[in-house]
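Residue numbers (this note's numbering), protein chains in the order written: chain A, 192 to 826; chain B, 5 to 534; chain C, 47 to 145.
The reader is advised that the hints may include incorrect statements.
Unchecked claim - Cβ-Cβ distance ranges computed for the label pairs, FRET-style:
(1) B:Val494 / A:His352: 32 to 38 Å
(2) A:Ala238 / B:Ala439: 47 to 53 Å
(3) A:Leu734 / B:Ala486: 53 to 59 Å
(4) A:Ala238 / B:Thr11: 56 to 62 Å
(5) A:Asn194 / B:Phe7: 42 to 48 Å
As the list claims (entries may be wrong) - Pairs of lysine-lysine, BS3-like flavour, derived with a Cα cap of 27 Å:
(6) A:Lys656 / A:Lys305
(7) B:Lys398 / B:Lys328
(8) A:Lys353 / B:Lys398
(9) B:Lys468 / A:Lys305
(10) B:Lys475 / A:Lys305
(11) B:Lys398 / A:Lys305
(12) A:Lys305 / B:Lys478
(13) B:Lys468 / B:Lys398
(14) A:Lys353 / B:Lys475
(15) B:Lys468 / A:Lys353
(16) B:Lys328 / A:Lys773
(17) B:Lys184 / A:Lys773
(18) A:Lys353 / B:Lys328
(19) A:Lys559 / A:Lys353
(20) A:Lys565 / A:Lys638
Treat the hints as calculated values from the structure; they're not laboratory data.
Even glycine gets a Cβ: it sits at the ideal position worked out from N, Cα and C.
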Amino acid sequence: MDNLIPVLVAVPLLGAALLLCGGRRLDRVGHLLGTFLAFASFGVGLALFFSMLGRSVDQRPIHDHLFTWIPVNGFQAEVGFQLDQLSMTFVLLITGVGSLIHLYSIGYMAHDEKRRRFFGYLNLFLAAMLLLVLADNYLLLYVGWEGVGLASYLLIGFWQHKPSAATAAKKAFLVNRVGDVGLSIAVMLMFTTFGTFAFTPVFADASKATQATQATLTGIGLMLLLAACGKSAQVPLQSWLGDAMEGPTPVSALIHAATMVTAGVYLITRSSAIFNQAPTAQLATVVVGAVTLLFGAIVGCAKDDIKKALAGSTMSQIGYMVLAAGLGPIGYVFAIMHLVTHGFFKAGLFLGAGSVMHGMNDEVDMRKYGGLAKYMKWTTVTFGLGYLAIIGVPPFSGFYTKDKIIEAAFGHGGTEGWILGTCAVIGAAVTAFYMTRVMLMTFFGEKRWADDADGHQPHPHESPKIMVIPMVLLAVGSVAGGFLFNWNDSFVRWLSPVTGVAEGNPPLNPTVIQILTGVVLVLGVAVAWMMYGRRPVPATPPLGSLLTRAARRDLLQDDFNHVVLVSGGSHLTRFLVYLEGKGLDGLVNGIAALVGGTSGRVRKIQNGYVRSYALSMFGGALVLAVTTLLMRAVA
Amino acid sequence: MSFPLLTVTAALPAVGAILTAALPAATDTRSRDRNKVVPLAFSLATLVLACVATARFTPGGPRFQLTEYHSWISQFGIGYSLGVDGIAVVLVLLTAVLVPFVMLASWHDADPVVDDRGTFERNRRTQGFFALILAVEAMVVISFEATDVFLFYVFFEAMLIPMYFLIGGFGDRTKGEDAKQRSYAAVKFLLYNLLGGLVMLAAVIGLYTRAHTFDLVSITTALQNGSLHFPPVVENALFLGFMFAFAVKAPLWPLHTWLPNAMGEATAGVAVLITAVVDKVGTYAMLRFCLNLFPEASKTFAPAILVLSVISILYGALLAVGQKDIKRLVAYASISHFGFIILGIFALTSQGQSGAALYMVNHGVSTAAWLLVAGFLMSRRGSRLIADYGGVQKVAPVLAGTFLVGGLAILSLPGLGPFVSEFLVLVGTFERYPALGIVATAGIVLAALYVLVLYQRTMTGPVKAGNEGVKDLKARELVVVAPLIAMLLVLGIYPKPIADIVNPSVNQTLSQVGRTDPAPHVVNAIGGGQ
Amino acid sequence: MNPVNYLYLAALLFTIGAVGVLVRRNAIVLFMCVELMLNACNLALVTFSRLHGNLDGQIIAFFTMVVAAAEVVVGLAIIVSVFRTRHSASVDDTNLMKL
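Extracted from the complex, chain A is given alone in its bound form (with noise of 0.2 Å):
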């Protein structure tokens, strides 16, 4: 059974292989390949799955050597698979979600022609996002990282030909490559301090930490929060995120729900050994987190495009996650339940707005929606179900998974708790708003439809069954992912050995925390629907605040990023393409000349007059013997 674990990559990457280089042959048959490959390997999980139920706690986590990749006297990397309690839930969401995304694209991409190719770069995602949460080391995992960003960079990319996909997939790539070189130096860090680089013994020597290194760790825990604030779209490397909205629909699903995003959840969660160690790094952590909930979600409220509203979304939930795991033990578990909801309701409501966007001739603002939910039943249901999920309402997954982490956020004690706890209750209050203005915006109110670029007009309609099943399916999960997780603690017990876990000490009683984020709860809906719902939507956007122009903005980060980074650095470039050509090569060049002018005067002697030559010899032959003379005279 432990040598499936190979299997479970490499079943999508031989998906991946064949869609990329079997050529037109394949084109007919490539969308089935690609989802079959994507099932079997959900299938492998699912077999792996029971059987690592089967045994008993301490014998669940199984490894399985391959082969030695670089072995250089003592830097000895292997690839090697780990597959733990946490591996595996995030093989079940990867493959389990991103299969039914696979499905979804069938019908999504029915008319793209390059159809074949779009499935070989799923299949890629899903295998790098695998090797990434299957490796038992730094190094290996480093390799799922940056595949997952060539991944992604494909998909977001994916539409070549429009200049603002090329841009958006090379901006993603930059970001997350700023990101990875935090992974590199804090894999370098562990190997100059641990002199290895693989789990077991890198968290083993972590945990007996001493005075000495603990700064060595708590720079690796900060390059590692580097590294996911790179992935995960955390501030200040977030800025990829909402432009990666130009890939295809299914793709920001599987970005936002199943892969990439995730990807820095589980490194922190992962690394909980060198996490617990160093408090600053921590620190670190729950500040990133915070403050992203909170940018994702004032960003989210701004948007008119229905995708960057869910964008700033992700990145707000994100926040959540990011800040449960910064705060340790009491964190980790409910930082990887929700991740695993948020999965489920995430990847619904953006194969919803594929749904709608499919309905509405590729329309993306939500202003030029409305009065949907009669012309896309199923939608409007299964994005309903989403919502609630998202927004917390008892008893749908989001109210048990996210209530779990403000009420970790208060326990983390003292000032800061209370900060943390207030920071996540402000959130959930934000995301109620923003999901209702999405949800009155697109399925309510009156008709807002325009016609397109080439004069269409739109005729909303519902999906097709291929589209709408997995719909469906991600809402059965969304509604009932928080009950069974929380019943019996399920969840906890299941993950727990791995991470650890820990009770807090709330400052309140549990039970007045939920009471207060019902309240707020209720509070952002009713704001949002006295906003949206009662009220018509104007078709142009209101000029709006300061704060909603600079949210509409993403809140200045690209300006930011543009003045400093873009700008100065292409001036940068300039100034030294300047210095190549009149600094260096100036210098060599005048030296030539130099050389070139002297020889030029000193050819001015070769006149070609005989008796001038014969006249230097003359001198020549008279200054010798003269020398000689006059050396023999002083002897």
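Starting from the structure of chain A, add chains B and C where the hints point.
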């Protein structure tokens, strides 16, 4: 006496060069293609011999293997002595692998331009091109094999001559002002390298006055058992003399400015030959001569050289971002990569040096893949300006795809060869000089920037006017690209065989220099506590 | 007679020859001046031979005569061919080697 495998490996391309040059001039296109098969066959035969040499090399055996010795100029202790260690044998193999691909990729690059009336031009230009490539191969191979300082010097300098003609005689622009640019580039290449060689010659003579022999093995043995000792001043001066020549060849900032000119003006195939094959002699010679002959001076100057390497890495990458010309962009990217190689060599850790040795191989293969595909693209449009391209992936998806894979290798994506070596170099540097390691790591972001910007500008977006007719890769071009990409994958996923050949040689070099890897801190901490 | 006088004569002849080479342009005259210098040297050599009482100088003088004869043959041939192509015996006209 055993079969002189190394001599034959070096002599075969030389014989091939002479034969190719002596073939009767082609009378039509078919006979011209026939004439090209001869050099290709010779380069393939060399590849077979190089494979045999690699197979017969025993990793972990004696330091230099397959050795040959003949007295040459006995009055000065100059011998014809050949021998390979793990690094050399791998580089010989790399050279032998790349040359056939370069030839196949440049199949039509040296064809004379057919005039309007379509009359066939009868000259030997085309076969001269291939003969020169073989001549370069022969000299590079023997430079890798030489264990006599003087023998090495002779071929180190001699390879400039065929390279000069390859750059100056076969660029892709032929008329007027452009031809002037090309001859400027060729002369610049020659002068820079001659100057380097001149300084090295002085150091070579200086070495002889102290050691009274040119034999690398006897000098290193004498240094180790203490029978030969350089005063520090002398050692430093000699080290700098050697290093200067190699730093020009490699090239290291600020001696690099000949490379963009040379690579920009040469054909894509010749540019690959420059950066992937000829320049490797420079970095290789640092490992073999600078470190082994002058261990103390190497340690003295290592920090300064490391700083220059880091400057090379960042400077090359930044300038690559600012280029308008595809080939010059690749040249600056190469400068950045050479920075990594030299960084790995002079970090003086086993990870760094093994990484540098692997980097030489990976850089050769990845640059060949990237630049040759770029060359195919440029040959279709006859322009090397980035601004002339756009949206090519729409009309030529396979070309765009292979170009992207080559680029991903250049930016060191894990799973492809260069990642392994780049990470080893960075780890090796970080162990001893954490600050430099961190600064150098920033290079990986810049690498992503120049690769993806180039890809975006040329391949994505709407099809730019003039690019509608760009054809996808032909069978001959696929034969060039597919094996290179396969090699990149193998080197990235299973580099162990090559690492196993290289590692013992690296350890021997480091023990000669007298450096050991820093031990992990935590071991110290716990050991100290107990 | 004091042999040193021969040396004075040789110096005089050599100077005349040298000045002639420097100031005249006609190739034939130039040539004759060169011969004059050679013979001045011969005279000096023979004188030294007599002064020192050995035959070395005289032997070298014979060599010089042979060389001078060979030089005349080659030189005159060059002058004649130059005159044929350029219709001038002036050495200033033959400056093709000048850059």
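Against the structure, the hints come out as follows:
For the pair B:Val494 and A:His352, the supplied restraint of 32 to 38 Å holds, since their beta-carbon distance comes to about 33 Å. Separation of A:Ala238 from B:Ala439 is about 49 Å and conforms to the stated range, judged on CB atoms against 47 to 53 Å. Look at A:Leu734 against B:Ala486: about 57 Å separates their beta carbons, and that is inside 53 to 59 Å. The hint said 56 to 62 Å for the Cβ distance between A:Ala238 and B:Thr11, and at roughly 60 Å that hint holds.
Taking 42 to 48 Å as the suggested C-beta distance range, the pair A:Asn194 and B:Phe7 conforms, at roughly 46 Å. Restraint check for A:Lys656 and A:Lys305: satisfied, since their Cα atoms lie roughly 22 Å apart, inside the 27 Å limit. Distance check on the hinted pair: B:Lys398 and B:Lys328 sit about 22 Å apart at the alpha-carbon level, within 27 Å; holds. In summary, the hint linking A:Lys353 to B:Lys398 is supported, as the alpha carbons are separated by about 11 Å, within the 27 Å threshold.
At roughly 20 Å between alpha-carbon atoms, B:Lys468 and A:Lys305 fall within 27 Å of each other, so this suggested pair holds. Distance restraint check for B:Lys475 and A:Lys305: the Cα-Cα separation of roughly 19 Å lies within the 27 Å cut-off, and the hinted pair is therefore satisfied. About 11 Å separates the Cα atoms of B:Lys398 and A:Lys305, which keeps this hinted pair within 27 Å; it holds. The suggested pairing of A:Lys305 with B:Lys478 holds, with an alpha-carbon distance near 21 Å, which does not exceed 27 Å.
This hinted pair checks out: B:Lys468 and B:Lys398 have alpha carbons roughly 10 Å apart, not beyond 27 Å. About 21 Å separates the Cα atoms of A:Lys353 and B:Lys475, which keeps this hinted pair within 27 Å; it holds. Pair hint B:Lys468 plus A:Lys353 holds up; C-alpha atoms about 13 Å apart against a cutoff of 27 Å. The straight-line distance between the Cα atoms of B:Lys328 and A:Lys773 is roughly 17 Å, inside the 27 Å bound, and the hint therefore holds.
Among the hinted pairs, B:Lys184 with A:Lys773 is consistent with the structure: their alpha-carbon atoms are about 20 Å apart, no more than 27 Å. The suggested pairing of A:Lys353 with B:Lys328 holds, with an alpha-carbon distance near 22 Å, which does not exceed 27 Å. Of the pairs offered as hints, the one joining A:Lys559 and A:Lys353 holds, with about 23 Å between alpha carbons and a cut-off of 27 Å not exceeded. Between A:Lys565 and A:Lys638 the alpha-carbon distance is near 11 Å, which keeps this suggested pair within the 27 Å criterion.
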